[in-house]
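Each protein sequence line maps, in turn, to chains A and F. Residues in the first sequence are numbered from 1 upward in steps of one, following the numbering used here. Residues in the second sequence are numbered from 1 upward in steps of one, following the numbering used here.
FYI, nobody ran anything at the bench for these hints, they're computed from the structure. Predicted model, so just to flag it, every value in this text is computed and none were measured.
Far from chain A by the CB rule (all over 12 Å, computed), these chain F residues: (1) Gly134; (2) Leu135; (3) Lys184; (4) Gly196; (5) Ser243; (6) Lys267; (7) Thr273; (8) Glu276.
Stretches of chain A that chain F covers, calculated by requiring three or more beta carbons in the stretch to come under 8 Å of a beta carbon on chain F: (9) 10 to 23; (10) 185 to 199; (11) 214 to 226.
Here are the simulated DSS-like cross-link-like pairs (lysine-lysine), alpha carbons at most 25 Å apart as the crow flies: (12) F/Lys14 - F/Lys61; (13) A/Lys187 - F/Lys61; (14) F/Lys166 - F/Lys106; (15) A/Lys75 - F/Lys14; (16) A/Lys206 - F/Lys76; (17) A/Lys200 - F/Lys74; (18) F/Lys120 - F/Lys82.
Think of the CB as a built atom: it goes at the ideal place given N, C-alpha and C, for glycine as much as any other residue.
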Amino acid sequence: MNNISIGRYIPYNSKIHRLDPRLKLFSMILFMVMIFLRFGGAQTNYMDFIVYGFIAVIILIIMAIAHVKLSLLFKQLKSLWFVVLILLIINLLMPNDGPYFLIFNTLKIYHKALYDTAYIFIRLVLMISLTMILTSTTTPLDLTYAIEWYLTPFKIIKVPTHEIAMTISIALRFIPTLLDETDRIMKAQASRGVDFQNGKFREKVKAIISLIVPLLVSAFQRSEELANAMEARGYNPGAKRTRYRILKWKWLDTIALVLSLSLFALILYVSIAKIDIVVLISGLLG
Amino acid sequence: MPINFDHVFYTYSKKTPFEQVGLEDINLSFNDYKFIALVGHTGSGKSTLVQHITGLLLPDKGVVHVDDYVITPKKKENKNIKKIRENVGLVFQFPEYQLFEDTVLKDVAFGPKNFGVSEKETIERAKSAILKVGLDESYFERSPFDLSGGEKRRVAIAGIIAIKPKVLILDEPTAGLDPQGSKKMMQLFCEINKNGTQIIMVTHDMDLVLEYADHVLVMKDGKVAKESSPLDLFSSSDYKELSLDYPCVFAVATELIKKGMKIDLTKIKNLDTLVEEIKKGRDSYE
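Using the sequences and the hints given, assemble the complete structure.
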């Protein structure tokens with residue numbers, strides 16, 4: 001329980017950490033779009049993997065700059081094998097055509113099924129590493145500032161942007177607190193003989209109840225205390241307020257923006273023009 | 001019950017930026033004492049130490065012996081942890097948060113039931129535990145969530161007492177209680193202690209240490225900084241270097257001795273004995 005470092009802010013002072021959260025959020029969305037594009041012609045499918053490899057290299061470079069350790073990513077991927085297994089089973093069961101090979105002389109394994117699984121898996125890994133970079137280099141509070149900033153235009157149509165941002169930031173703020181609380185209650189109940197790992201189904205249900213009830217009770221209590229504390233200090237959601245941390249756009253941000261935009265343009269061009277690198281290179285050579 | 005620590009090391013959040021030393025080369029033996037106090041500043045490793053006794057945390061290195069059972073770093077080797085927890089009851093700080101059943105009686109009975117005590121005996125034990133902590137029969141069928149904070153804590157402690165452990169570990173049992181409630185609570189533990197249960201108490205209150213403990217462990221930065229009887233600890237010359245408080249009655253007595261009054265420090269345990277000694281000292285003074 002105390003090893004939950006996934007998706008958590010990791011305090012370093014790298015260049016990536018110092019970037020403006022608005023830019024980081026925007027760049028992440030650009031990267032996500034890049035990952036969801038299709039590359040190459042309809043017949044060839046190796047282009048997808050070439051481009052993904054290229055994006056992966058860039059992500060690795062960013063991770064290195066940001067001090068995000070690969071081991072952290074692997075830790076997270078470990079919990080993903082089940083998803084991959086289900087993906088594989090679904091893909092294998094899908095009706096397919098094209099080349100295949102047989103195992104046990106009865107089961108048809110289509111090449112396309114394996115390809116699709118690998119394709120989705122790579123996308124997942126890339127997306128997870130992107131979000132990991134974002135969350136481990138940006139404090140949750142900065143992230144909500146960025147979200148609030150992007151929501152500002154919607155104020156015109158009376159979207160309560162400030163309330164949304166506040167709700168998100170409170171929710172984010174209390175994740176570690178609730179995790180600590182969970183850990184504490186689990187230990188307290190374990191001292192009373194609850195076994196959270198083993199046991200029959202009935203015992204397991206009881207074990208979960210003994211965790212969830214106290215957790216909910218304390219969560220409600222905490223929220224009430226917080227609401228009271230906010231009111232006592234004169235919190236008024238409608239009021240105009242200044243803030244402690246003001247987002248400042250710096251040179252580094254401009255450079256990062258230009259870099260990610262040009263990368264996006266390049267990838268977009270490769271996708272739309274259906275450029276095939278193998279054809280391109282053989283064309284150049286020949 | 002013999003409890004031994006043999007070169008125990010523990011680190012929190014290993015191999016992450018949040019890494020923090022929990023315990024460093026702890027060698028201890030808890031055999032000869034009946035009431036052991038564990039003192040030290042926040043983060044000195046007191047709670048970490050007691051959690052190792054019941055296997056809630058497993059050491060990174062080293063071995064903990066509890067009676068005939070052994071707690072080792074490898075998770076798979078620790079099959080007897082439930083047995084240990086039946087023999088060593090651990091009351092966490094603010095234990096009132098662990099209540100979850102719909103009646104007080106059921107909640108107190110939860111522990112013994114988990115350890116396989118028969119239905120009939122469970123109810124008997126629960127009833128006597130509730131009475132022992134100073135609540136009466138009218139509480140049996142009440143919801144634990146309707147009780148006051150102090151009553152909740154009594155119920156939670158009854159939940160551990162009902163397991164009838166041979167060793168009772170208390171993590172700041174009097175924190176947040178009014179002086180009256182805290183005194184009653186300590187009287188309860190004293191009674192349990194006299195009936196043959198060894199008590200290990202984590203506390204910040206040096207007056208409690210002086211009054212009740214027959215042995216003190218001072219923790220500092222994950223190590224045992226000092227180990228002695230309360231009186232030897234408070235009268236030792238290097239006690240100041242540990243930057244801990246003196247017990248109020250002890251401080252008053254030493255000041256009076258400096259002024260020339262004859263007071264037997266070994267007899268001073270609490271306010272009453274201090275008053276008595278001062279009376280005696282005054283008589284001899286005149």
